[in-house]
Amino acid sequence: MNLVFSEADLAFQQEVRNFLVQRLPVDIRDRCACGYIVGNEDLIRWQKILNEQGWMAPNWPVEYGGTGWSLTQKYIAAREFASACAPLPTFGITMLGPVLIAFGSDAQKARYLPRILRSDDVWCQGYSEPGAGSDLARLKTRAVRDGDQYIVNGQKLWTSYAHWADMMFCLVRTDPDAKAQDGISFILIDMKIPGIEIRPIIGLDMGHTLNEVFLEDVRVPVENLVGEENKGWTYAKYLLQKERNFVARVAQSRHLVARLKIIAAEQRVGDGHLIDSADFKRRLTSLEIDLRALEYSELRYLSRELHGEKIGLESSILKIKGSEIQQGLKKLLVESLGMYSAPYENDMMPIDSDYLSIGPQHMQGIMAEHLYGRAATIFGGSNEIQRNILARQLLR
Amino acid sequence: MNLVFSEADLAFQQEVRNFLVQRLPVDIRDRCACGYIVGNEDLIRWQKILNEQGWMAPNWPVEYGGTGWSLTQKYIAAREFASACAPLPTFGITMLGPVLIAFGSDAQKARYLPRILRSDDVWCQGYSEPGAGSDLARLKTRAVRDGDQYIVNGQKLWTSYAHWADMMFCLVRTDPDAKAQDGISFILIDMKIPGIEIRPIIGLDMGHTLNEVFLEDVRVPVENLVGEENKGWTYAKYLLQKERNFVARVAQSRHLVARLKIIAAEQRVGDGHLIDSADFKRRLTSLEIDLRALEYSELRYLSRELHGEKIGLESSILKIKGSEIQQGLKKLLVESLGMYSAPYENDMMPIDSDYLSIGPQHMQGIMAEHLYGRAATIFGGSNEIQRNILARQLLR
Amino acid sequence: MDFELSEEQRLLRDSIDRFVKSEYPFSTRQEIIFSTLGYSEKNWKLFAEMGWLALPFDAQYGGFDGSPVETAIVMEALGRGLVLEPYLSTVVMGGGLLAAVASHDQKERLIPQIVAGELTLAVAYLEPQSRFDPADVETSAKSTADGFVLSGHKCVVYQGCTADKIIVSARTHGADRSREGISLFILDQDLQGVSRKDYKTLDGQWASDFFFSDVNLPASALLGQKGVALEAIESALDLVISAVCAEAVGAMAAANDITRDYIRVREQFGVPIGSFQVLQHRWVDMYMEAEMAKSMSDVLAMRLRDRDEDSALMVAATKVRVGKAGLVVGQGATQLHGGVGMTNEYAVGHYYKRLMTIDILFGNQDYHCSRYEQLEIVA
Amino acid sequence: MDFELSEEQRLLRDSIDRFVKSEYPFSTRQEIIFSTLGYSEKNWKLFAEMGWLALPFDAQYGGFDGSPVETAIVMEALGRGLVLEPYLSTVVMGGGLLAAVASHDQKERLIPQIVAGELTLAVAYLEPQSRFDPADVETSAKSTADGFVLSGHKCVVYQGCTADKIIVSARTHGADRSREGISLFILDQDLQGVSRKDYKTLDGQWASDFFFSDVNLPASALLGQKGVALEAIESALDLVISAVCAEAVGAMAAANDITRDYIRVREQFGVPIGSFQVLQHRWVDMYMEAEMAKSMSDVLAMRLRDRDEDSALMVAATKVRVGKAGLVVGQGATQLHGGVGMTNEYAVGHYYKRLMTIDILFGNQDYHCSRYEQLEIVA
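Protein chains in written order, with this note's numbering: chain A, 181 to 576; chain B, 181 to 576; chain C, -18 to 360; chain D, -18 to 360.
Errors might be hidden in some of the hints.
As the list claims (entries may be wrong) - Pairs of lysine to aspartate or glutamate, EDC-like flavour, derived with a Cα cap of 16 angstroms:
#1 A/Lys441 x D/Glu354
#2 A/Lys320 x A/Asp362
#3 C/Lys123 x C/Glu161
#4 B/Lys441 x C/Glu357
#5 A/Lys228 x A/Asp300
#6 B/Lys490 x C/Glu(-15)
#7 B/Lys320 x B/Glu392
#8 A/Lys254 x A/Glu195
#9 A/Lys490 x D/Glu(-15)
#10 C/Lys146 x C/Asp171
#11 A/Lys320 x C/Glu248
#12 B/Lys320 x D/Glu248
#13 D/Lys23 x D/Glu4
#14 B/Lys511 x B/Asp459
#15 A/Lys417 x A/Asp315
#16 B/Lys254 x B/Asp189
#17 A/Lys441 x D/Glu4
#18 A/Lys320 x A/Asp357
#19 D/Lys305 x D/Asp266
#20 A/Lys417 x A/Asp362
#21 A/Lys372 x A/Asp315
#22 B/Lys441 x C/Glu354
#23 A/Lys320 x A/Glu392
#24 C/Lys26 x C/Asp145
As the list claims (entries may be wrong) - If you want the ones that stay clear, here's a sample from chain A, every Cβ over 12 angstroms from chain C, calculated:
#25 Met181
#26 Asn182
#27 Gln202
#28 Ile217
#29 Gly219
#30 Pro267
#31 Thr274
#32 Arg295
#33 Asp346
#34 Ala358
#35 Val514
#36 Met519
Derived from the structure by calculation, the hints contain no laboratory data.
What you are looking at is a predicted structure, and each value in this text was computed from that prediction instead of being measured.
Heads up, the beta-carbon is just placed ideally off N, CA and C, and yes, glycines get one too.
Between the sequences and the hints, there should be enough to build the whole structure, so can you do that?
This is the structure:
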């Protein structure tokens, strides 16, 4: 048993740190640090820097443009990126890439992977539908073969960043008679094809990241089918696995703790400051200790992976505990602001452009992040579903 | 809306208080106050005092020896009894009496009710069995008719105070072919009949209140059948209803709060005392506030009853919230003792007779009560079952 | 001992329930929220006609002599519909302050205007450094020959930009956070030296920060007596807390109903999600929290009406208990709705946001727990 | 970075697992608990033969130079069986103190006896007023011509009545609660002026309160140097906390396994109770808590071995996190067992009682949270 990283890994860590200090644009970092969403153009600006460095796709094999990092290096890099408040990698890198690499045709790989690396295409994920949220087997969007095209009809829901996307990877039903999980195919849709309509869904945080996507007689060339017809479920499950990486969000939570301490030291309460409140401090301490346990669990599971064990359940545990800690911290952040948690930035209202200058500078983004963060226990498999998964595997 | 009790009710309250101050034996009160179980002889001594006063069975109709108190007076009396740390009424009064009055024959009423009032018979309840805990419909103890007798064979579990009991009211299966709830009868068994064996179950608290009762060819006269054969389930349900009265245990929790404050003011921590610890105090405050909400809910539901509404769900709510508050308070009590929560009185060990004089006087009984209190969320319908009941009725 | 409503009280509640049902479906509320005022003047006139604006005031000023119990009945019913009209700031808080400190002449002039629906108020009593403490007043009002000069910064004044007049607490003497020397002034929006920054709040209402820069006030702007307003502010806050807790109780009941209806019909894995035991128990927990909150709110209103000696403790305890219950209900309601609960287009999230706001307004759980502890030591 | 055991460590763990499996079924443990000593001397001899008693000690005194990591491996495996033999008090705590403060001669004399299974120890470091603070020492040891006179009251000394020798902290100079002036003494039970009150503890072990009334101690009773023992006590406590947390991790794993097996077979309403979603999720929560505790315990042992600067914070954090997890697991395990969990005749309740005790021993969550906060300010 040994907690220390090797000299080589520590040198790597320093290299990542240096890169981030030198190349991560300050404006993008500051938006991330506040918990604001980074706009599409800013994201692409950053991705081009990343790609220049060759670090766009650490999770891809080297032959397709991956970094060739070891498991440990991937862990270290992800931690450093998060600590530096860099934007998270997007769907093309994290989700589509691995599926194409595993199941795509040579032509698909040759066409799409480089475009992802160069940020030529922004991808969105077309999975959820009304009536098929946590339960994807019930999806209804139909794709009917017509010559060398599929004609797609249906509706996708909760489609993050569809309004920025050039392309969508999408689950569609190709065999309506097959049972639940069978009969689903994985296809790639150009978002500029006629018949696609995107309607924004405004979140509780008044922000726009989610969309409904309506597909009406959308003609998709058959070469955009990934792998075999009716095998889409297999590929999607493979993806869901990938999605669960780095779910603990330890570095992000550390950042929230640091922010909380700054705010609590500034907020006056009577003669002292909020940080002097024993009750507030105790609740923060309790979360800090929980965060330690989470971080060490992540390391312990990484060690298992390094020893060749398959990781499955562990991701669910990290996701549940990680999201609960984040919500706890965000709740404390809101509480720390006192009355200044009530004013709420809101891009749909006719407000002064310098509106955000109300209240202390550090309040920026906190409530938005809190509201957005409530979704952390819902999206990507609600915590209830995660507990079901754990129960099924551990209690069977 | 009005929170004040009438002049008459306040006078009644004073009367009850005076009686308790004058007549409740101090040694019995002190045992109750510590959370210790009151022995059978002490219990009978107190019940004889109560019966002399005519207050043995407030929940019975006047013609059978009840007090004739109004709903409000019953509430006030129960509160005062609990505040004064009087023992709780026993099964004969709370459970068997109402069933005999509702469903028993004239002969049964004439025979058993006066004996209960005079404490001639101590009753225990023979419901649970191995495999039939929360789910009584699965009980297996058989009673086979043989002339003017039933021959009873089977096993009862968790039978509180069977070792003190003269009689047991008991659910037995009289029709083995009937479905689940049907085919069960309610019979009265003399505990001195041959064929009955009682084995103690020692609790986590090392105390002996629970038992297994084995019945082997026990011959019970048919006149001990209550009501109709195979209708026992109906009577048992009626009883379960009665059992839920005064489940909030507000006065007992108030007593725990008072005890906690005394201990926390005495326990030194560094330069100060435990009560100066902001964190400890905050957790206590939070429970005190929860207790207020519970008390006012009890009053609000009483007001509903006074207006002729039927109370059902409300008992489940009071039981769940009441037991959670009690457990919270008992946990704080244990914590308040520091290291002196580890020594544990234990009547099965060869220990000094003055063993209890270890540690501060106020530690007496706390851990026992904590351990015993863990059962509060299990017995009488676990809190999980109570939530199921609420869900079934509110979400149907 | 009786928690039931009288016949009159029931009629009052029913009339507001009817108003909410017909005038406040969620779609209408969404329109109102995006209107310039953020509430409906037509509705406000209706409130006046129905006599709801007159409820708590003395009969001699055109009121109906209602007690905190009647205010709680109104607020609970309004809470069910997340009603946006400024009843709390104008009638309960502004009106409560006038009733507590204003001179007979001032009352005679102002209260009938409120009752008629012609005067809306906002109360500016907090400052950036004060957190929730009404005694922490740094805004100053210095006496001049013919009045006062007001300077300072008041923060997060609900309805600050829509109200006809503002009531402002300012220090006329005494050290920062001293309980002595706080006075109340009533002023118009358009005085020289008053500037304002307006913004929407979490719960979709308007609020403002006010900046007073050597604002000349006439002597008549002083409400009641000089330097002794703190107790009046505190007792007005007691009434406001009772009212806002009742509003939360109404909002919780509605959120629980909406959630119950949703989980009964929404299917996943081929069955209604309300058939999953974990979701059932979570809803039951929300329901029980709402029950506890309702009991606290009812008792607080009665205690305040009866001026019971337990009132002060009860105000703090109720704000804590209701705040906690509101978060359990609001979070649970959004969680049980899944993705839908996270959108602005569906009612349940708005209940959550209002319940979250109420937990903060007039002192959060931490603040009132501390108050409870201090009051207990004194008692 | 590596959490896996080395080959040697795995063999160590497996050997103890085998011992627990063969020698510690619940029925045997019940017999041991009701025996006079409360543990088995036969087992203790076996521990010595297996070399487990030698693990943490220096090779020069007959030890195996094991680190806190090896101690954690032993304790976790013992925890699974709720093993009663006094490994914690004799080897980890008593032995740890000897290793930290005793002179070379004292070590040479005493440690081989421990290793051989011929000497058991108990440590008396707390007093009725001290709660969990090892610096709060009122017991005094005054210098005399040829030694010391010891007076005072030590409380809740685990194994106090079964140990061959007692190690006692006493104040040789300095004011109450001063960090200076605390010394350690080792003494036999039968000295004049030593009296003892023995009792069983919550978790079924023996403990004692000691009363010292002008007990004459020879100079040789002093362990190491006079007046400077506090830091040694604190670092021994760090090791003890690591060990007891590892024990708790083992106990949690066993309690979760027992509970899983129970809810799979126990039926209610015609189905295994493990098919109810609420019970499933509760068990999953217990499992996750045990996972968090395991990670903390592993890291703490490594930090202590590496003498990492984060160790002090980590000790406090681990005691808090493991304590909390232990209660969640213990309470959940008894609750999921229903009535059976509330009886003394079934194993699960004993896990709960030991986990509850561990949460208290060497400082409860409140104490270590405060310590964590103080250490963070200093850091």
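Cross-check of the supplied hints:
1. The suggested pairing of A/Lys441 with D/Glu354 holds, with an alpha-carbon distance near 13 angstroms, which does not exceed 16 angstroms.
2. Distance restraint check for A/Lys320 and A/Asp362: the Cα-Cα separation of roughly 12 angstroms lies within the 16 angstroms cut-off, and the hinted pair is therefore satisfied.
3. Using a Cα cut-off of 16 angstroms, the hinted pair C/Lys123 and C/Glu161 holds, with the two alpha carbons roughly 15 angstroms apart.
4. Under the criterion of a C-alpha separation no larger than 16 angstroms, the hint pairing B/Lys441 with C/Glu357 is consistent with the structure, at around 12 angstroms.
5. Between A/Lys228 and A/Asp300 the CA atoms are separated by roughly 10 angstroms; this keeps the pair inside 16 angstroms, and the hint holds.
6. About 15 angstroms separates the Cα atoms of B/Lys490 and C/Glu(-15), which keeps this hinted pair within 16 angstroms; it holds.
7. With a C-alpha separation of about 15 angstroms, the suggested pairing of B/Lys320 with B/Glu392 holds against the 16 angstroms cut-off.
8. Between A/Lys254 and A/Glu195 the CA atoms are separated by roughly 13 angstroms; this keeps the pair inside 16 angstroms, and the hint holds.
9. Between A/Lys490 and D/Glu(-15) the CA atoms are separated by roughly 15 angstroms; this keeps the pair inside 16 angstroms, and the hint holds.
10. Taken as a hint, the C/Lys146 and C/Asp171 pair is honoured in the structure, with Cα atoms around 10 angstroms apart against an allowance of 16 angstroms.
11. Distance check on the hinted pair: A/Lys320 and C/Glu248 sit about 14 angstroms apart at the alpha-carbon level, within 16 angstroms; holds.
12. A distance of roughly 14 angstroms separates the Cα atoms of B/Lys320 and D/Glu248; the hinted pair therefore holds under the 16 angstroms criterion.
13. Proximity of D/Lys23 to D/Glu4 is assessed by CA-CA distance (about 11 angstroms); at most 16 angstroms being required, the pair is judged to hold.
14. Using a Cα cut-off of 16 angstroms, the hinted pair B/Lys511 and B/Asp459 holds, with the two alpha carbons roughly 14 angstroms apart.
15. In summary, the hint linking A/Lys417 to A/Asp315 is supported, as the alpha carbons are separated by about 12 angstroms, within the 16 angstroms threshold.
16. At roughly 10 angstroms between alpha-carbon atoms, B/Lys254 and B/Asp189 fall within 16 angstroms of each other, so this suggested pair holds.
17. Restraint check for A/Lys441 and D/Glu4: the C-alpha separation of about 52 angstroms exceeds 16 angstroms, so the hint is violated.
18. Distance check on the hinted pair: A/Lys320 and A/Asp357 sit about 12 angstroms apart at the alpha-carbon level, within 16 angstroms; holds.
19. For the proposed pair D/Lys305 and D/Asp266, the alpha carbon gap of about 12 angstroms is at most 16 angstroms, so the pair holds.
20. Note on A/Lys417 and A/Asp362: the hinted pairing holds, with a Cα-Cα distance of about 12 angstroms set against a maximum of 16 angstroms.
21. Restraint check: the Cα-Cα separation between A/Lys372 and A/Asp315 comes to about 28 angstroms, which exceeds 16 angstroms; the hinted pair is violated.
22. For the proposed pair B/Lys441 and C/Glu354, the alpha carbon gap of about 13 angstroms is at most 16 angstroms, so the pair holds.
23. The suggested pairing of A/Lys320 with A/Glu392 holds, with an alpha-carbon distance near 14 angstroms, which does not exceed 16 angstroms.
24. For a cut-off of 16 angstroms, the pair hint linking C/Lys26 to C/Asp145 stands: about 15 angstroms separates their Cα positions.
25. With a cut of 12 angstroms on Cβ distances, A/Met181 stays outside the contact zone with chain C, its closest approach being about 37 angstroms.
26. A cut-off of 12 angstroms between C-beta atoms confirms that A/Asn182 is not in contact with chain C; the least separation is 40 angstroms.
27. Here A/Gln202 stays apart from chain C, with its beta-carbon at least about 37 angstroms from theirs, past the 12 angstroms limit.
28. A cut-off of 12 angstroms between C-beta atoms confirms that A/Ile217 is not in contact with chain C; the least separation is 14 angstroms.
29. With a least CB separation of 20 angstroms from chain C, A/Gly219 remains clear of the 12 angstroms interface cut-off, as annotated.
30. No beta-carbon of chain C is positioned within 12 angstroms of the beta-carbon of A/Pro267; the least distance is around 21 angstroms.
31. No beta-carbon of chain C is positioned within 12 angstroms of the beta-carbon of A/Thr274; the least distance is around 20 angstroms.
32. Distance check on A/Arg295: its Cβ is at least 30 angstroms (rounded) from any Cβ of chain C, clearing the 12 angstroms threshold; non-interface status holds.
33. Its beta-carbon lying about 24 angstroms from the closest one in chain C, A/Asp346 satisfies the requirement of being farther than 12 angstroms from that chain.
34. No beta-carbon of chain C comes within 12 angstroms of the beta-carbon of A/Ala358; the shortest separation is about 16 angstroms.
35. A Cβ of chain C approaches the Cβ of A/Val514 within 12 angstroms, the least distance being about 8 angstroms, so the stated non-interface status is violated.
36. Not every Cβ of chain C is farther than 12 angstroms from the Cβ of A/Met519; the closest lies at roughly 4 angstroms, contradicting the non-interface assignment.
In this structure, the earlier hints numbered 17, 21, 35 and 36 are contradicted, and the remaining ones agree with it.
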